[in-house]
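Student: Here is how the chains run, residue by residue.
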Amino acid sequence: MSAKKVKVGFFSLTCCEGCEFAVLDLEEKLLKAFDYLEIVESRVLMEKIKPEALKLDIAFVEGSVISKHDLNKLNYIREKTGFLVALGSCAATAGINGIRNALPKELQERIRQKAITPVKEKASPLSAFVKVDYILNGCSVNELEFLDFLNKVLHGVIPRLEEVPVCFECKLKGNSCLLLKGIPCLGPVTYAGCDALCPSQNVQCIGCRGFTKDANFKSLDNLLKEMDSGKKERYNFFTYFNQLPKELRHLRGEN
Amino acid sequence: MNYIIKKEDLPKFLEFLQKKFDQVIVPAKNKTDATCFQQYSGQELFLETRTDFSAKEFFRPAKEKMFSFKKKNSSFNVEPCFDTAKRVIFGIRPCETHALHALDVLFIKFFGEDRFYSIRRKNTVVIALQCSKACENGFCTSLGTSQATGHDLLFFERGSDFFVKVETEKGKELIDSKFFRHTSDALPSADISCKNSLDTEDIEENLYANFNHPVWKEESERCLSCTSCTQSCPTCYCYTTKDEFVFGSDTESERFRFLDSCQLKRFTEVAGNHVFRPSREGRLRQFVLHKLSYYREQYGVHLCIGCGRCITVCPVKISLVEIANKIQKHGLGAKK
Amino acid sequence: MIIPEKPNVAEILSVSQDTSDTKTFEVEFSDKNLQKKFKFRPGQFMMVSVFGFGEIPISISSSPYKTNSINFTIVNVGNVTNALHKLKKGNKIGLRGPFGNSFPLQKFRKKNILFVSGGCGLAPLRSAIYAVREKKSEFGKVSVLFGCKAPENVLFDEELKQWQKEDFQVLSTVDNPNKTWKGNVGLVTALFKHVELPSKNTVVMMCGPSVMIHFSLIELRKKGFKDEQMFASLERLMQCGVGYCSHCNIGNKYTCIDGPVFNAKDLNKLPVKED
Numbered sequence: 154m155s156a157k158k159v160k161v162g163f164f165s166l167t168c169c170e171g172c173e174f175a176v177l178d179l180e181e182k183l184l185k186a187f188d189y190l191e192i193v194e195s196r197v198l199m200e201k202i203k204p205e206a207l208k209l210d211i212a213f214v215e216g217s218v219i220s221k222h223d224l225n226k227l228n229y230i231r232e233k234t235g236f237l238v239a240l241g242s243c244a245a246t247a248g249i250n251g252i253r254n255a256l257p258k259e260l261q262e263r264i265r266q267k268a269i270t271p272v273k274e275k276a277s278p279l280s281a282f283v284k285v286d287y288i289l290n291g292c293s294v295n296e297l298e299f300l301d302f303l304n305k306v307l308h309g310v311i312p313r314l315e316e317v318p319v320c321f322e323c324k325l326k327g328n329s330c331l332l333l334k335g336i337p338c339l340g341p342v343t344y345a346g347c348d349a350l351c352p353s354q355n356v357q358c359i360g361c362r363g364f365t366k367d368a369n370f371k372s373l374d375n376l377l378k379e380m381d382s383g384k385k386e387r388y389n390f391f392t393y394f395n396q397l398p399k400e401l402r403h404l405r406g407e408n
Numbered sequence: 010m011n012y013i014i015k016k017e018d019l020p021k022f023l024e025f026l027q028k029k030f031d032q033v034i035v036p037a038k039n040k041t042d043a044t045c046f047q048q049y050s051g052q053e054l055f056l057e058t059r060t061d062f063s064a065k066e067f068f069r070p071a072k073e074k075m076f077s078f079k080k081k082n083s084s085f086n087v088e089p090c091f092d093t094a095k096r097v098i099f100g101i102r103p104c105e106t107h108a109l110h111a112l113d114v115l116f117i118k119f120f121g122e123d124r125f126y127s128i129r130r131k132n133t134v135v136i137a138l139q140c141s142k143a144c145e146n147g148f149c150t151s152l153g154t155s156q157a158t159g160h161d162l163l164f165f166e167r168g169s170d171f172f173v174k175v176e177t178e179k180g181k182e183l184i185d186s187k188f189f190r191h192t193s194d195a196l197p198s199a200d201i202s203c204k205n206s207l208d209t210e211d212i213e214e215n216l217y218a219n220f221n222h223p224v225w226k227e228e229s230e231r232c233l234s235c236t237s238c239t240q241s242c243p244t245c246y247c248y249t250t251k252d253e254f255v256f257g258s259d260t261e262s263e264r265f266r267f268l269d270s271c272q273l274k275r276f277t278e279v280a281g282n283h284v285f286r287p288s289r290e291g292r293l294r295q296f297v298l299h300k301l302s303y304y305r306e307q308y309g310v311h312l313c314i315g316c317g318r319c320i321t322v323c324p325v326k327i328s329l330v331e332i333a334n335k336i337q338k339h340g341l342g343a344k345k
Numbered sequence: 472m473i474i475p476e477k478p479n480v481a482e483i484l485s486v487s488q489d490t491s492d493t494k495t496f497e498v499e500f501s502d503k504n505l506q507k508k509f510k511f512r513p514g515q516f517m518m519v520s521v522f523g524f525g526e527i528p529i530s531i532s533s534s535p536y537k538t539n540s541i542n543f544t545i546v547n548v549g550n551v552t553n554a555l556h557k558l559k560k561g562n563k564i565g566l567r568g569p570f571g572n573s574f575p576l577q578k579f580r581k582k583n584i585l586f587v588s589g590g591c592g593l594a595p596l597r598s599a600i601y602a603v604r605e606k607k608s609e610f611g612k613v614s615v616l617f618g619c620k621a622p623e624n625v626l627f628d629e630e631l632k633q634w635q636k637e638d639f640q641v642l643s644t645v646d647n648p649n650k651t652w653k654g655n656v657g658l659v660t661a662l663f664k665h666v667e668l669p670s671k672n673t674v675v676m677m678c679g680p681s682v683m684i685h686f687s688l689i690e691l692r693k694k695g696f697k698d699e700q701m702f703a704s705l706e707r708l709m710q711c712g713v714g715y716c717s718h719c720n721i722g723n724k725y726t727c728i729d730g731p732v733f734n735a736k737d738l739n740k741l742p743v744k745e746d
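Chains H, B and A are the protein sequences, given in the same order. Take the position in the first sequence, starting the count at 1, then add 153; the result is the number in the numbering used here. Take the position in the second sequence, starting the count at 1, then add 9; the result is the number in the numbering used here. Take the position in the third sequence, starting the count at 1, then add 471; the result is the number in the numbering used here.
Calculated from the structure, these hints are not laboratory results. Misleading hints may appear alongside valid ones.
Unchecked claim - Below are the DSSO-like pairs computed for lysine-lysine, each with C-alpha atoms no more than 27 Å apart in a straight line:
id, chain 1, residue 1, chain 2, residue 2
1, B, K81, A, K503
2, B, K131, B, K74
3, H, K157, A, K557
4, A, K508, B, K80
5, H, K305, B, K274
6, H, K326, H, K305
Here chain H stands alone, though its shape is the one from the complex:
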């Protein structure tokens, strides 16, 4: 660990700022992390933001890009930052904001007209515009994963996103399988790291941590179909937090 404190900023684009609050849930552990971190900017953590947002070592950016304003802010942050982390679903996959992208064209248009500020045609993840160095996924982010990330980065290790599905952690915990009970679940295609939070409470996984590259969408879609889940229902399920995978284009149909 370097003796110099690591300069860190938290930034919010369009989102609920819940991820920043999830980080706050670390409480004492976060206080301990402050020994090694210098928070330069955070609307939630600081009373007053330092006006001169200097060069940053790490920027945690939550929220999606939905307006010109968001984009300008993101470009500005990227320029000032060595290592940019997409914090949470909105930043990683467009998350909840992205639901709009999957709606019928005319409905999308009506939403845009009703918006208070001018919005872009689509809600986008950060990676659509700038280089993202690491993704901490989830709605909201898992605070322990955040801490693990900090622990690694402070020792000069760049963590890597492992191709592991939620099911892996779910079965490690000894949970029964929701799919076997006939409940649609996106566990097999979603990145692990949440310690199978939802399935452990008998709640289906809705894919907030993004789809893995190794996902077998076709097979899961067939399985959901066998559970009498309709085409539209499946479409909505798969696009809740994620863009529709190209293997499942047939679900788009009448939507």
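Given the structure of chain H, go ahead and fit chains B and A onto it with the hints provided.
Tutor: The following block gives chains B and A in isolation, referenced to the frame of chain H:
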């Protein structure tokens, strides 16, 4: 010497065990309704059939600390971390005693002891419970694992009693006259008939000879690579190690090992992101062949014990038995 | 009590920068008795720990006749190797081993030897080359083939030249030459035509990327080499080195205990290429 204990006395017996051991492990339901082995705390036991998850957590835990490293005077202290808790596990089914036997071969007998395993193993007393009926998807009778092995006590269900057969000195010590009375009755029958059956004749050679059989591709197309099969398997032991710094420390770190799964791509990934077994087909084949071919050839016992858990937990109903039987029937070298 | 997974502390005696991404570390066990008892055979590997960062399998690149220290030649490709590359003389690491089988040099007496290496695959072969050099009179003629991406990636440049002087045939090739490169261009298999050794009475030891091994075997068979004469050292993910973790499982063999050196005859029976 054989004994009888009343079923209604079982909780009292378990409480008696709690005084003698650090942990008393029993089969019961967890909060997601899955049946697994857990510490006894007066909960209702699940004794109908085998549990969804095996007792391997108490021999090869999902995550275990192996070493702690402390930097001291520019060198390091390396301290192994052993789990020395004294345990008794009640209600392990005969097939699973064979799983422990299969793991003993690798972790105790073959290369020399893996202490992290052997210390746990030696500190654990195993009370097996004979199955009175066949379980869903089980095929232990095909693999000769329906009779328990290497256990300390064997319980048989008999009406309102358990008939108890003492196998070892360690087991004998638990026979307390408060709960047990001596019997000269004949041993109850331990015969069960499984619905599933696996053709095991020359299975090691045949499966390997059919490495490129179309069944692997066909079956793997619906495989979700969810790893449920390997995780529920009582013998899946493959692990990965990882080092972690104690948070906020520069000088203290720990090495963990955790169960990994051959169904994940990262299982064979080396530096430079090269994956040696990338296809789903190859990964599924690795699981089946490791269970029914490779291990037997290397260590002389099958790594599959016929409990059928991997079949039961598979969301897309891929069956190891079906795959193996298909190859035995139609593959290269099949008896035509 | 022997704990096969327990790393022993070792000190880095020196670090040399071989290429921009490769360094050779000279290491000695801190426990002098361990170092005194330490023996290995060429082709074997050790598990190297950087405490807090992890453990990786690395083959020994020094001569088996040099017993006062051990050399590892390591490319910076992952988190553990990256942490290792930051270490300096005097820093401590963890070592376990040696593990695995080795090149059966005792069976190669009186035979000509062809070394085929690609990239950092030269590291484990270097150990065998030194062993052959030490007992030169016991072996026939020796050829060393080496291929890598570009001239700046050439490993052990000085030593290659030295071996050449000692009447080993040394041939290097690169995929992407620069203006000053005078050696061959192309894959290592393209060097086979320059090899003067007769296919009879010659043994082949190879180490490198799996593609290189695959095509080298094919080309050498065309030149009349029999599978029994060819040995390759394989790379796999390993977490234990002692047969416990099963990551390195290929068919019914484990790379860490049955390998990493396999005879080509055995390789034919194994699902080495599984994709």
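Student: Which numbered hints does this structure break?
Tutor: Violated hints: none; all satisfied.
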